[in-house]
Structure formats: C-alpha cells, structure tokens
Amino acid sequence: MFDIKSASKAILSGGRAVETETLSAENGVMQAGEANAIVSGDVTAGASLKGEQAALIEGSLCGEDRNPCRVEVSGDVVVVGSAEHAHVSAGSILVGGPVRHCQLVARSDVRLADGVSDTRIVAGDISDSE
Numbered sequence: 001m002f003d004i005k006s007a008s009k010a011i012l013s014g015g016r017a018v019e020t021e022t023l024s025a026e027n028g029v030m031q032a033g034e035a036n037a038i039v040s041g042d043v044t045a046g047a048s049l050k051g052e053q054a055a056l057i058e059g060s061l062c063g064e065d066r067n068p069c070r071v072e073v074s075g076d077v078v079v080v081g082s083a084e085h086a087h088v089s090a091g092s093i094l095v096g097g098p099v100r101h102c103q104l105v106a107r108s109d110v111r112l113a114d115g116v117s118d119t120r121i122v123a124g125d126i127s128d129s130e
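Its first residue numbered 1, the sequence shown is counted upward by one per residue in our numbering.
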C-alpha cells in the first residue's frame, strides 16, 4: 500500500506548476512543458495532458469506451480518484481508486490502491539491452 497524500504533496511542492480545474476535450491538449501539471478536477473523455515533469490529477480519469482520456508525462502520474478508459504513460503511476478499461505504461512502477479490471499494465524498463 502507498500513501496517496504524500505522493500528491511531493508534486504540489515540486516547483513550477501549470494548473487547471477540469480537463475536457473542449479544452484541447494541456501542454505542461517543463512544469508539473495539476488538475484539481477530472480529466474527461477525449482530453489529453502532456508534459516533461509530473502530473497530479486530484479527481479521476473519466474517459469513454471509444474516446479515452490520455496522460503522457516523463515524470510520475498521481491520480487521487479512479481511472476508467484512460491511456497513461509515465515514469511511475499511482492511482488511489479503482482502475477499469485502461492502458498503463510506466518506466518504473504502477501502484494501485483499489481493484483493477480489464486493464493492460506494463511496468519496468523493457528496452533491449545490447
């Protein structure tokens, strides 16, 4: 088990941040660049978040079957709520609620506090060592 509050605090105190309330398809793509991304609400169907640092979603990832939400960052992703129909790619991924119908790809680890179903998870460095 992990402490989602500590993980959230680490991102909140991690320097420069770009913040938004809810991220939806109408907002387009949130480009955080070299700042941490903080979404105080949900990331909804068709929304996309990209960045070179960490991302904190204080709500949930709420995609739809044919219209997932997407999060692609170089650092860690912390989702306080649940994740459904989401594609997440990050250094590590932490989700505080249930995870359903997602694709989670992390270079390090994936930690889930609640149940998981119908989800593809890839964790760890899977690059070829030559």
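If you're looking for bench data, these hints aren't it; they were derived computationally from the structure. Please note that a few of the clues may not be correct.
Unchecked claim - Label-pair ranges, simulated between beta-carbon atoms:
#1 13 with 41: 27 to 37 Å
#2 66 with 13: 12 to 22 Å
#3 125 with 40: 30 to 40 Å
#4 34 with 115: 18 to 28 Å
#5 41 with 9: 29 to 39 Å
#6 12 with 74: 13 to 23 Å
#7 16 with 100: 29 to 39 Å
Since the structure is predicted, the reported quantities are computational estimates derived from the model, not experimental observations. Quick reminder that beta carbons are idealized off the backbone N, C-alpha and C, glycines included.
Against the structure, the hints come out as follows:
no.: 1; hint: 13 with 41: 27 to 37 Å; in the structure: violated, 21 Å
no.: 2; hint: 66 with 13: 12 to 22 Å; in the structure: violated, 38 Å
no.: 3; hint: 125 with 40: 30 to 40 Å; in the structure: holds, 32 Å
no.: 4; hint: 34 with 115: 18 to 28 Å; in the structure: violated, 35 Å
no.: 5; hint: 41 with 9: 29 to 39 Å; in the structure: violated, 19 Å
no.: 6; hint: 12 with 74: 13 to 23 Å; in the structure: holds, 18 Å
no.: 7; hint: 16 with 100: 29 to 39 Å; in the structure: holds, 33 Å
In this structure, the hints that do not hold are numbers 1, 2, 4, 5, in rising order.
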